[in-house]
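According to the numbering used here, the stretch in the sequence shown is residues 22 to 1121, in order.
Simulated from the structure, these hints should not be mistaken for lab results. Even glycine gets a Cβ: it sits at the ideal position worked out from N, Cα and C. Some hints could be false.
As the list claims (entries may be wrong) - Quick list of simulated restraints, FRET-style, between CB atoms: (1) R126 x G1039: 49 to 59 Å; (2) K559 x T989: 43 to 53 Å; (3) N900 x R618: 30 to 40 Å; (4) I216 x A254: 51 to 61 Å; (5) K625 x L1056: 22 to 32 Å; (6) K502 x E644: 50 to 60 Å; (7) R618 x C915: 24 to 34 Å; (8) G241 x E141: 50 to 60 Å; (9) P742 x H776: 18 to 28 Å; (10) T1075 x I216: 43 to 53 Å; (11) E503 x L1056: 49 to 59 Å; (12) N1073 x D622: 28 to 38 Å; (13) E614 x E141: 19 to 29 Å; (14) Q90 x N564: 33 to 43 Å.
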Amino acid sequence: MAVPARTCGASRPGPARTARPWPGCGPQPGPGTRRPTSGPPRPLWLLLPPLLLLPLLAAPGASAYSFPQQHTMQHWARRLEQEVDGVMRIFGGVQQLREIYKDNRNLFEVQENEPQKLVEKVAGDIESLLDRKVQALKRLADAAENFQKAHRWQDNIKEEDIVYYDAKADAELDDPESEDVERGSKASTLRLDFIEDPNFKNKVNYSYAAVQIPTDIYKGSTVILNELNWTEALENVFMENRRQDPTLLWQVFGSATGVTRYYPATPWRAPKKIDLYDVRRRPWYIQGASSPKDMVIIVDVSGSVSGLTLKLMKTSVCEMLDTLSDDDYVNVASFNEKAQPVSCFTHLVQANVRNKKVFKEAVQGMVAKGTTGYKAGFEYAFDQLQNSNITRANCNKMIMMFTDGGEDRVQDVFEKYNWPNRTVRVFTFSVGQHNYDVTPLQWMACANKGYYFEIPSIGAIRINTQEYLDVLGRPMVLAGKEAKQVQWTNVYEDALGLGLVVTGTLPVFNLTQDGPGEKKNQLILGVMGIDVALNDIKRLTPNYTLGANGYVFAIDLNGYVLLHPNLKPQTTNFREPVTLDFLDAELEDENKEEIRRSMIDGNKGHKQIRTLVKSLDERYIDEVTRNYTWVPIRSTNYREYCKDLNASDNNTEFLKNFIELMEKVTPDSKQCNNFLLHNLILDTGITQQLVERVWRDQDLNTYSLLAVFAATDGGITRVFPNKAAEDWTENPEPFNASFYRRSLDNHGYVFKPPHQDALLRPLELENDTVGILVSTAVELSLGRRTLRPAVVGVKLDLEAWAEKFKVLASNRTHQDQPQKCGPNSHCEMDCEVNNEDLLCVLIDDGGFLVLSNQNHQWDQVGRFFSEVDANLMLALYNNSFYTRKESYDYQAACAPQPPGNLGAAPRGVFVPTVADFLNLAWWTSAAAWSLFQQLLYGLIYHSWFQADPAEAEGSPETRESSCVMKQTQYYFGSVNASYNAIIDCGNCSRLFHAQRLTNTNLLFVVAEKPLCSQCEAGRLLQKETHSDGPEQCELVQRPRYRRGPHICFDYNATEDTSDCGRGASFPPSLGVLVSLQLLLLLGLPPRPQPQVLVHASRRL
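Go ahead and model the full structure; you've got the sequences and the hints to work with.
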């Protein structure tokens, strides 16, 4: 938990205003009548005669002019600086507002923020919140173990004996093709009424729990019916938990059989296509069901593995990767005579989303050839697991081998690497339908504390690639109470629509024994989970007492943020966790790496650093001072002024709601946040005095201003006049407005042109509302303390100020007419008379065009200058006026990519030759059998070869998906002085002059206009671009610091490893094969065989 403790933009932990209530909550301070006794000189352009604004009737020949000298352009720059300063002094009201605050000093007090105490309080509040959930979890887990222990297994149980609410029943009844509708399910499914509950963002029923059963599991099986029978008793515990803690959200029991029972009941959110949700593949279940894993997956790619078998292996590996979380480490290799990694990863890497994506893409490129060499595969895997020079989980170690079969048992390899301690578990998977003897595969698994599985078809992949978790759970079950530890997950998207949540998990163990004196049962029953919405945790953080640029964030042991203002995923996939590293949430530097490490290690700390930050609109970079304070945790868009106050973006409507509420309650009511409400009332009165003392009697049109405004830390944004307030497009909440936060971080006047995208049409200037914001912070010194309680500014009329810009950057004097230069005279060019030859612009610190002397560029104001003049912008960058910062947004949303042309046949198809067809031995080979499977599945499941099974969860054709976007921002470089340079383009060289304007974020640039297109150069890009992100193969060579769970359960001396998988093989007869081939050739596929979808050996 850390707080960059900046108050009101101060560079160190500073004071904050606390408003005192108006006496008796009566009238606010009335408007004052004082006026400044003196002020700055009137702006220069006002002293010029009206004739100066008339267009020139004639332009002298270009030959009579030379490029302006440096001292001339410095003179123009000073005039521009004086003009801006004069207008801001008259209309900004900085000094006047400062006096108003001092006049009302008795109405507020200044309190110092103490970062250490603040973060300790927030950490304590979060601990208390989570502790209540932990107690509920423990009650549920204990009750579940007792209920299951008391349950008596019923072999003859029937569907009609069980009554429960099937969460998918309504969707299945609406679907005429549903399997249950076709079978006519006999289970007594309850029909419930639901009420809308805003806490769940859903309709719920608090009198019942709901049951969800995966689509590929038969609801009427004996195992499932017994599961439903004993878990029914959990409903009373769910309800009692809610009675003790009404803030509880989803309470869920995920069973190892795949049954999910959750409370309160709500209908299941069925996807548009096949529902593939299985609780055992959810991140929270995986994390709670076993300790972290170091896994090496080895895949047999010998020549006998072809066609459908290879496709099954590729899909199986991808499904296996989905059972891993960020606490796990993995590598994938293929082998025949020798082994090699399938990707660029040469060692175990963290099983995060991006690394798993690399594996999944690489696996698709595997090609079958050569002969089987189990020894090469296993030696490679053991070497990977013995590498201690890399970061890894250092807990469960395992090898997962996928093969179509073989005879070698590689006992010598196991003797060398794994016996007698057997610290590495070996899981073997026989893939495809073939006539090989599987006894060697069974032996490998049984001899190394693993398990043997068969994957004969696609339907068996999901169930058999997750059953290994039961084996890994054995040491946890045998450890008993020692292993009953609550773990908290990464942030992820709730499948029932709650939004971003974290889940507390607790394993549930089978406490039964088969008989007196028998060994203890070592099966895990499932995982209990309770959700905590991120919004509930955010409410415990002090959003407004830290100032606009202060915030609270929290990270986990992987360095992923739990709380952070930049944690804003644009799209979420409930199948994957939302993993945003702290160093990706902010702009990474060495200081932040040190802070992150200290937080992961559970230390307290404080550090003041200079760092780069992005603006809210992500267009600008500022170099700022930030103070970070952090302590460990041991166990809305609107300010909520009052609970019953209806928030609104419309100021009039908000004030109406506020007045109505104040007629019912006082500001000191318990319903209201006194701190926020009193500051709101105080700033309303203070900004009204600013209107009366400064703004009301001024003629904005004379100064070509569209509006004046003030934004305060009390939550007030006041815009004058009213017409301008109606056209105000900035965020009305100052803390969420980019101009406000940047003004606090920067000294002087901050210009903000209107935002323009290169893909949008140019600005429309006719409506007189397009303007340029100029803002600055109000500094208030009270004793030894300095506050920045407000930001004031003006909105410049773009078109009028563009004309003034020409005049100010010209050679006129106060009384001059436009300078005329005869053919025989030598004169300097200026930005008014010579605008056909001379380009004059103001560019802000982000590289965006603010003003130009070129009329045709007025509608390009707000665009990145490289889009206006690529050649000149590149020269400014190359001469260090600008520095570039590139970063990646891992939370972006992208439109789906159009599907590629996959061709008419699946990849990796084995094509037999004519000689093969004439050879009788070939017809009984594994290759022939694989080809027939391929043809069979092509006839029945044609689309399976063309789409990933995961697509069944939604509609990828219309749904946005998460992606990585590369962001590029520019900010002022090291050059501060006036600077002349030449852009060397041969015969098309250009002179230019650039100078920073003092006390602003502007760069004044004067340049010759390009004479020919040869001067065009490469264009700097600023807009976001789609990216694959940084090269993962390079990133894994320098992994970020992390710490896994502090306790590991991977060994128990009493573990019974005799249950290690069963299998049988039999050679198919020639007659059966020939008959099947004839059926296939005739286009008559055989009747599909039923699949075993629940592990038969599990008896609860």
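Evaluation of the provided hints:
In this structure, R126 and G1039 meet the distance hint of 49 to 59 Å, their C-beta atoms being roughly 57 Å apart. Here the CB-CB span from K559 to T989 is close to 30 Å, at odds with the stated 43 to 53 Å. For N900 and R618, the hinted distance range of 30 to 40 Å is satisfied, since their beta carbons lie about 38 Å from each other. Between I216 and A254 the C-beta distance comes to about 25 Å, which lies outside the given range of 51 to 61 Å.
A hinted range of 22 to 32 Å for the beta carbons of K625 and L1056 is consistent with their spacing of about 30 Å. The given range of 50 to 60 Å is respected by K502 and E644, whose C-beta atoms sit roughly 53 Å from each other. As the Cβ distance of R618 to C915 is approximately 33 Å, the hint placing it in 24 to 34 Å holds. Distance hint check for G241 and E141: the Cβ-Cβ separation is about 55 Å, which falls inside the suggested range of 50 to 60 Å.
A hinted range of 18 to 28 Å holds for the C-beta pair P742 and H776, which are about 24 Å apart. In this structure the hint that T1075 and I216 lie 43 to 53 Å apart at CB holds, the actual value being about 50 Å. The hinted window of 49 to 59 Å between E503 and L1056 is violated, with their beta carbons roughly 36 Å apart. Between N1073 and D622 the beta carbon distance is about 29 Å. The supplied range of 28 to 38 Å therefore holds.
The beta-carbon spacing between E614 and E141, approximately 24 Å, falls within the hinted interval of 19 to 29 Å. Evaluation of the 33 to 43 Å hint for Q90 and N564 yields a failure: the beta carbon distance comes to about 53 Å.
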